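Each chain, written out:
2 protein chains.
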Amino acid sequence: MVMKYDLGTGDDKNWIVAESSFSKNLLGKAEAIMSLGNGYMGLRSATEEPYVGEVRNLFVAGTFNKSDNLEVSELPNAADVTRMDIRIDGERLDVSSSRTVDYIRALNLKVAELTRSFVWTTSSGKDVALKFRRFVSLDNLHVIGMKMELEALTEAIELSVESGVNAQVSNSGSQHFYEGEKRIYDKKYVEMVTKTVESEIDFMFHTVHHAKVGEIELNQPFMRMDRRIINLTYKCSVTKGQKFSLEKITTVHTSRDQSFAGMILQEMRDQALSTLKACAAEGYDSLLQKHAIAWERKVWSLYKLNIESDNEFDMLAARFALYHLTVMAPAHDERMGIAAKGLSGEGYQGHSFWDTEMFILPFFIYSNPEVARSLLTYRYLGLEGARKKAESNGYEGAMYPWEAAWPSDGEMAQEWGRVDIVTGKQTKIWTGFIEQHITADVAFAVWQYYMVTADQAFMDMYGYEIIFDTARFWASRLEWNDNKQQYCINDVIGPDEYKEHVDNNAFTNYFAHFNMELAMKYYKELKESNPEVFQKLNETLKLDQAITEWHDRIDKIYLPQPSDKDLVVPQDDTYLTKEIIDLTKYKNQSHVNTIFEDYSLEQLSDIQVSKQADLMILFYWLEDKFSKEVKIANYNYYEPKTIHDSSLSLSTHSILANDLNDQPLAYQLFKQACEIDLGPEMKSSDLGMHTASIGGIWQVIVMGFAGMRMMHGELRMNPKLPAHWNKLEFMVNWKGQRLEVVITKDQLLVTAMDRKPVKLEVYGTEYRFDHMLTVCLAEGDN
Amino acid sequence: MVMKYDLGTGDDKNWIVAESSFSKNLLGKAEAIMSLGNGYMGLRSATEEPYVGEVRNLFVAGTFNKSDNLEVSELPNAADVTRMDIRIDGERLDVSSSRTVDYIRALNLKVAELTRSFVWTTSSGKDVALKFRRFVSLDNLHVIGMKMELEALTEAIELSVESGVNAQVSNSGSQHFYEGEKRIYDKKYVEMVTKTVESEIDFMFHTVHHAKVGEIELNQPFMRMDRRIINLTYKCSVTKGQKFSLEKITTVHTSRDQSFAGMILQEMRDQALSTLKACAAEGYDSLLQKHAIAWERKVWSLYKLNIESDNEFDMLAARFALYHLTVMAPAHDERMGIAAKGLSGEGYQGHSFWDTEMFILPFFIYSNPEVARSLLTYRYLGLEGARKKAESNGYEGAMYPWEAAWPSDGEMAQEWGRVDIVTGKQTKIWTGFIEQHITADVAFAVWQYYMVTADQAFMDMYGYEIIFDTARFWASRLEWNDNKQQYCINDVIGPDEYKEHVDNNAFTNYFAHFNMELAMKYYKELKESNPEVFQKLNETLKLDQAITEWHDRIDKIYLPQPSDKDLVVPQDDTYLTKEIIDLTKYKNQSHVNTIFEDYSLEQLSDIQVSKQADLMILFYWLEDKFSKEVKIANYNYYEPKTIHDSSLSLSTHSILANDLNDQPLAYQLFKQACEIDLGPEMKSSDLGMHTASIGGIWQVIVMGFAGMRMMHGELRMNPKLPAHWNKLEFMVNWKGQRLEVVITKDQLLVTAMDRKPVKLEVYGTEYRFDHMLTVCLAEGDN
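Residue numbers (this note's numbering), protein chains in the order written: chain C, 464 to 1245; chain F, 464 to 1245.
No lab work stands behind these hints, which were simulated from the structure alone. Please read all numbers here as calculations on a predicted model, not as lab measurements. Heads up, a few of these hints could be off.
Note that identical chains are pooled: a pair holds if it fits in a single copy or bridges any two copies.
Stated by the list, open to error - The calculated DSSO-like cross-link candidates involving lysine-lysine, where the alpha carbons are at most 27 Å apart (straight line), are: (1) 1146 <-> 589; (2) 487 <-> 594; (3) 1134 <-> 573; (4) 651 <-> 706; (5) 487 <-> 589; (6) 1019 <-> 1005; (7) 984 <-> 1005; (8) 888 <-> 740; (9) 1146 <-> 698; (10) 1028 <-> 1104.
Kindly produce the complete structure, drawing on both the sequences and the hints.
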């Protein structure tokens, strides 16, 4: 398989992600990176004709279920509607054979349509041209459109296409659905209604085909209902030069749809079937057009991101990031979060991690605050689960789950992971128990959102409550240490997950401290500014009690300091005492996690090796707590020990490198971050997209190269374009106003679209403007 | 795909079922007909390297489970241990490509070993020779042996083989297992322990590999534990001319194993792992040898079936039948019955039907009474479920389930079937409610067993109870008809399942009558011969009450009689009044059930069309109730209306044709019956073997061509060899003694192996002998 990233020309230039040959040996890459979606659902791009090793996934956001009572809730793999069993003269279509030419599969990001075309020669030597098209509508979130076109180029063929709804799929063997009901109306409209076995969510799949050979409609398919499957088979002869076409329009609805609230199943089915019939009447081309318009309106003309670079890949990678940020986000429903793999794979069970708050949310906060608000509302609703978790762990307040599913679920992390090469058992996963910084990450994100958007209504309704109740958790979590005469946070996992059961992870302690400090500030502010809201929260959260404790403890929290000797901040109490080994082999690895072929996780605990950025994230987000010298010293100390086995690592390091004025390194790390999904390592995306990395790409561009940052509620922009870049354009929302930013080598131009006053710091100078600001960028400014 | 049935030469002659080319378009045929097994477990013969459309099945007899609370109990598809992902220079092995030569996959029936060999050329032009071998041991029922050998013929290659235990499999999407526990001991012994979700049966899979390249052992595989999967990957270079070999020995145990009774899980695991280690120490070749010896001892030298025919296929088909009769029968455990598809496919959920009693059991009754006893004991234990079913249907006594799973389960028939082409809904399956003749079939089989074996102990312990309690059911089932002044049995399905909700199906009424008559006879006999057993049964079954009712009703049961006009016996009350249509299209169909593409089941109800033999089975088993003239008239009436959509149909018709002296037709129907699985229709066995048809093959040979029958407790033999046959040899057990029979064109030779007296009727003449009997067969005798 050869992936091409700049295939388009003219209008298509830098809009196309394509593969120009098919390899049955590496299917996951194209399935994931070309996956389609609209936030409501995500459709992995397995080919119509099936291959061994493929992963066919259709996920509907928020439809969590436990497949059995020993499993955690996960996003169930819904019925497959894309598979088509195509036989030509009885032979199964298989493009992996050498009899395939002119193969091209392309995702056009601009219109979010996946196409695939090729000429295939049957085993008896007949040439057939095939083209497939597919989209998941951003106009009507329930619609999947598909189209197949075939032409017999050299001789007549006998064609058979079997297609329908196949619910025999599972999550790697775990089945989430009852078999449900099957029905075909008018020999045409296929209906499958299934229900999840534990959460009892009804899924309704409706599909209809429109098959034609030449001008003749095929209306008498062979109908098959088997276990968990309804298929129609269209058979016909296609003479030389004749064309066959098959349109397949599918709708997917579930009883979790907000528009179905209060309805009984029969009403939902009827409405879903009506929707299908209306869509079928429109046809593929018309539905596609509406979808394309939605992409232009909701994405491209909204975000207006543009990069002029010597390397055209940079522009494509940026668009690729915006594309996936759009398809991954369940913007339509505030009860749902973003999954670590988006809706593009089974990895991490569809759960939300800190990836959202720290890596993805900044994009939405600045570019699409409504979506950010929805995602934070998901966390507000998640207080229910977080309070459960705190209580069951013996703490107060809200302790967010490391892995979150439905808001009321609480902790959903799995308990067992990869094989331990020493014991031969599965390694216990501790994150759900002791990776606790997520709670402060959520509070931090709320604060970011508030500072950037000034959305006071959100704060009054949701934000303060999150910040207060997370602070209550931390206050109860602190452990007094008699030796230190300080409060410690022992037995945790920090962002660097190769160090389990550590005491005083710097990131965790600083963020816990930040969380409590923030709560104290807002206690004071809110009491004065909005006594009514304050009083309500005071009643439920006993704030007047809490504030005493916070006051008493805030300054006694142990915050690891740079060593006098070398300025190195200890990542945790013991990291610096551990063995240092030669990590060259793992730093140069072609895929992640190779270190586990040589070491068990327990053995890694005793080595100065980090999975991912840990202190660097702290430096990035709480940059004013540390001097530049300290940051450089620690970057130089920790980076060589970091093997970037987490996709969250590279973008942070890139931003840090930029902050620390190593632009070439920053640019190199940016490329590497883009290549996590879009690069040559063909198996990296098998389990799905790396959504945090995708969010990180945007952050490197805007927070890194454009040097944008919110500091103490103020906007700052210290642009440092990579040498390869001539121009960078993007937009941000700042305090409710859209700012359009153009950065060239020598100039920064900011336009306030609502002509409302803006205060902006650029390289230490404060500018105030209410329409356009132009700042000359002298070489070497920083 | 070309199936070859006479591939062997010399010693292998007529022992080999083989395919000489591989087609990815038709995988099910070889998977099913070459499936391996030993009654404890059945392993479908999917190839090591996977293909789209394959069905990988491993079933352990008797391990029924409900995948969820809306499903019926079925045999769960256990973890797959046969898959190997083989990559050569990174390319997935795929023999469906044109780069495969000398392909041969062969099941050697004699030693029950499956082999597969071919030379494959990689996409870069390197030739590699591969050979695979596999068996499921008849010596140790828990053992699966596999061996892979590879030679790099032209150039060095990089080889990677991934293999282990894969529990991601399901039953067409329905998952029966919790994920369970995974462990690797000593980087070598793989252990997966899973549990069924409802019946809570523990499954233990243990597997070990022994990989060598040249003389070098490969001991450091890459280990992977993922969801429901443990795989080891062996990687190595194989230089030109060098050989790689991989032995994989697997053991399968479950907590249903009788040898594990009373043990806790840890003890079972330990014992299973010890077994694996012992087997691994022996190695493939030694284990195979023991297995082959078991086949010779337990099968070939026991059954001694031999046919000398112009068509060598006949001998092969007979051996093929004995092979599958062996692998399908859970002879080791009397709590288990034979599934309609044996252990070779998911079809019919592993349930037992009347197929066992009427089509398969005769073979075991005459050839291996111990197995027959075990299968009838399964029905005895099944009285628990049968009584449940009777009670819940408002009847007395024992009403056997149409589909039986675990003995205590009761009715397990599914409720919904194929699509109704008129309504677009699934067709309701009524068999579990109203196909009731199964209850009389079981009683009939008990009687057959008793008459043939004279096993009085079985009758005292189990047999009488079955016969009495089934008779009680029938007595309560009868419905008084005022018009007829007779007892009717209304609203049933007879053997011909294309007629639902009929009144007075002839087969059902006659068999119910037989059942009650038999009970009355045994009531009298037992009361006199064994008052103790009688008294016990009288207490539980209230026989003294029942006998009054039986006496009162037996002669008032309506038994349809031949019409005065044309001697036709009505199959049911309305059959003869229905429309007659031209069935040519369906009589000539290449695969079954094509009539449903034109008619719904409801529409078929109004046509004189039969799925399968109905009256013919009645004539066969209760032959003395009807005159030859009546049989001929009805054969001529019904056969043209019978489209043989059931695999139970052809063998019965063949025996009838033979009885009615149409030997050429009988032979033709025999061939057709053999071809149900072994013929050119490549999709017929996709869901598994047709076990009733396999039993039917033996019946056609022995009950048909050898003309053997038990009549009123006496043995009869009226041989009529097909014109193509010169000799037929077989054995039967008669009243505890082994008789060896040799039939040639002009002579019947019977040897009583224990030299005990035998009474035998041949063409109306009664012979008595106690060693050898020779009867000259004059041409035209009948």
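Going through the hints against the structure:
1. 1146 <-> 589: This pair counts as between: shortest inter-copy Cα distance 25 Å, intra-copy 34 Å.
2. 487 <-> 594: Classified as both; 19 Å inside a copy, 23 Å across copies.
3. 1134 <-> 573: within (22 Å within a copy, 63 Å between copies)
4. 651 <-> 706: within (22 Å within a copy, 56 Å between copies)
5. 487 <-> 589: Result: close both inside a copy and across copies, 22 Å intra and 19 Å inter.
6. 1019 <-> 1005: Answer is within; shortest intra-copy Cα gap is 22 Å, inter-copy 86 Å.
7. 984 <-> 1005: within (16 Å within a copy, 86 Å between copies)
8. 888 <-> 740: between (53 Å within a copy, 19 Å between copies)
9. 1146 <-> 698: between (37 Å within a copy, 18 Å between copies)
10. 1028 <-> 1104: within (19 Å within a copy, 99 Å between copies)
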